[in-house]
Amino acid sequence: MHYFDAVLRYSETPVTEIHDAACEQAGIRLLVKREDLNHPWVSGNKWWKLKYNLEKLTVKTILTFGGAFSNHIFATAAAAKELGLESIGVIRGERIEPLNHTLTFAEQCGMKLHFISREMYRRKGEPDFIASMKERFGNFFLIPEGGTNSLAVKGCQEFAREKLSHLDFDFLMLPIGTGGTMAGIIAGLEGRRQVLGVSVLKNGGFLSNDIGFLLQNNFGQSYGNWEVLTSYDHGGYAKVTQELLDLVSAMKMKHNLPLDTVYTGKLMSAVLKEAERGRFQRGSTVLALHTGGLQGIGGLS
Numbered sequence: 001m002h003y004f005d006a007v008l009r010y011s012e013t014p015v016t017e018i019h020d021a022a023c024e025q026a027g028i029r030l031l032v033k034r035e036d037l038n039h040p041w042v043s044g045n046k047w048w049k050l051k052y053n054l055e056k057l058t059v060k061t062i063l064t065f066g067g068a069f070s071n072h073i074f075a076t077a078a079a080a081k082e083l084g085l086e087s088i089g090v091i092r093g094e095r096i097e098p099l100n101h102t103l104t105f106a107e108q109c110g111m112k113l114h115f116i117s118r119e120m121y122r123r124k125g126e127p128d129f130i131a132s133m134k135e136r137f138g139n140f141f142l143i144p145e146g147g148t149n150s151l152a153v154k155g156c157q158e159f160a161r162e163k164l165s166h167l168d169f170d171f172l173m174l175p176i177g178t179g180g181t182m183a184g185i186i187a188g189l190e191g192r193r194q195v196l197g198v199s200v201l202k203n204g205g206f207l208s209n210d211i212g213f214l215l216q217n218n219f220g221q222s223y224g225n226w227e228v229l230t231s232y233d234h235g236g237y238a239k240v241t242q243e244l245l246d247l248v249s250a251m252k253m254k255h256n257l258p259l260d261t262v263y264t265g266k267l268m269s270a271v272l273k274e275a276e277r278g279r280f281q282r283g284s285t286v287l288a289l290h291t292g293g294l295q296g297i298g299g300l301s
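Here the sequence shown stands for residues 1 to 301, where the numbers follow the numbering used here.
There could be a bad hint or two in this list.
Unchecked claim - Using 16 Å as the maximum straight-line C-alpha spacing, the simulated EDC-like pairs for lysine to aspartate or glutamate come out as follows:
(1) K273 x D246
(2) K124 x E135
(3) K60 x E86
(4) K112 x E86
(5) K81 x E107
(6) K81 x E55
(7) K81 x D5
(8) K134 x E86
Unchecked claim - Now the in silico label distances, taken between C-beta atoms and shown as ranges:
(9) S208 x V59: 32 to 38 Å
(10) G110 x D170: 40 to 46 Å
(11) E94 x S208: 27 to 33 Å
(12) R123 x P258: 32 to 38 Å
(13) S222 x P40: 34 to 40 Å
(14) E126 x Q25: 47 to 53 Å
(15) G236 x D128: 25 to 31 Å
(16) E82 x S208: 31 to 37 Å
(17) S132 x E94: 16 to 22 Å
(18) H166 x S222: 21 to 27 Å
(19) P98 x P258: 22 to 28 Å
(20) K239 x R123: 22 to 28 Å
(21) G236 x P258: 20 to 26 Å
If you're looking for bench data, these hints aren't it; they were derived computationally from the structure.
These figures come from a predicted structure and were not determined experimentally.
For glycine and all other residues, C-beta sits at the position ideal for the given N, C-alpha and C.
Using the sequences and the hints given, assemble the complete structure.
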C-alpha cells in the first residue's frame, strides 16, 4: 500500500440501480457507481486524480488552480491537510465575501487562497506566470487545474481497470470538465464498452481534442469507443436552470440519490435525455459514474 492510500484510505463503493420512467420506457437498465462514497472529503474521481500526484511530491507545498466551485480545490485542500502538507489555491476571479462553502472549507483546511483576474488566469500555464508564483510563494509542486496531468490520467486508468472493468454494462457516462478522468477510463477499459462524457462547460467541443491528446500522449492510442456530449451544460460551468434544479431535487426525493448542480446533476440530465432520444438500444445497461463533488450543493447556495 502506498503512503497516499494508507493515510487517505479508499472505501469500496456500491453500484445502485435507478428505476426511472424514462429508462423503463427506453427499455434500458440504469446503474450508478457511487464513487462519491469513496472518501468523506477527497471523493469521487479526485481521489484517483490526486493519488499519484501526491505520491510524487518532493516538496511540502502544493500549488494548484480552480474556480470558486472547484471540486479539485476542495479535495486538494483536504488531502494536503491530512498529509501534513501546505497548499496554495490560485482562484479565478475576485474574492467575494462571504466565501462560498467550497472556498470556506479550503481555507479551513489551511489552503492559502490567491485570487487573480480571469485574464491573468488564462495565463496560468505560461512560464512567466509560474515564475511569478514561485517568487511570491517559494518552491512548490504544481498540479494543474482540475488535477489533470499524466499522473492523474494514470490514476483514473487504474480506477477503470480495478473498479469498472469487471462490471456488466454497455455504456459508461460521466461528467467532464478537463477530460483527464475520461481519458484514463477509456484507456483502463482498453477500448471496450462505449464511454460518453458530458461536458459541464459551455461550448465544450474542444474537450474531444484534449481527451484525444491525453490518450495519444499517455497511452499511444486514440480508441474509437468514446464521444463528448455538449448539449447538457445548462448555461455553462456552475450555471443552473430550473429544469436542472428540479431534476436534482427529484433524484434525491425519488431515488435517494444526491447530486450536485455543477457536475453530476448535468450528468443525470444527459443520461435521461439520451435515453428518451433513443441513444441506447433496448436491453442495454447504462452505468453512470457519480464523480463526487457534493460540496457543490453547499457551494452554490
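A quick look at each hint next to the structure:
no.: 1; hint: K273 x D246; verdict: holds, 14 Å
no.: 2; hint: K124 x E135; verdict: holds, 15 Å
no.: 3; hint: K60 x E86; verdict: holds, 6 Å
no.: 4; hint: K112 x E86; verdict: holds, 8 Å
no.: 5; hint: K81 x E107; verdict: holds, 11 Å
no.: 6; hint: K81 x E55; verdict: holds, 15 Å
no.: 7; hint: K81 x D5; verdict: holds, 15 Å
no.: 8; hint: K134 x E86; verdict: holds, 14 Å
no.: 9; hint: S208 x V59: 32 to 38 Å; verdict: holds, 35 Å
no.: 10; hint: G110 x D170: 40 to 46 Å; verdict: holds, 44 Å
no.: 11; hint: E94 x S208: 27 to 33 Å; verdict: holds, 32 Å
no.: 12; hint: R123 x P258: 32 to 38 Å; verdict: holds, 36 Å
no.: 13; hint: S222 x P40: 34 to 40 Å; verdict: holds, 37 Å
no.: 14; hint: E126 x Q25: 47 to 53 Å; verdict: holds, 51 Å
no.: 15; hint: G236 x D128: 25 to 31 Å; verdict: holds, 29 Å
no.: 16; hint: E82 x S208: 31 to 37 Å; verdict: holds, 35 Å
no.: 17; hint: S132 x E94: 16 to 22 Å; verdict: holds, 19 Å
no.: 18; hint: H166 x S222: 21 to 27 Å; verdict: holds, 25 Å
no.: 19; hint: P98 x P258: 22 to 28 Å; verdict: holds, 24 Å
no.: 20; hint: K239 x R123: 22 to 28 Å; verdict: holds, 24 Å
no.: 21; hint: G236 x P258: 20 to 26 Å; verdict: holds, 22 Å
In summary, this structure violates none of the numbered hints.
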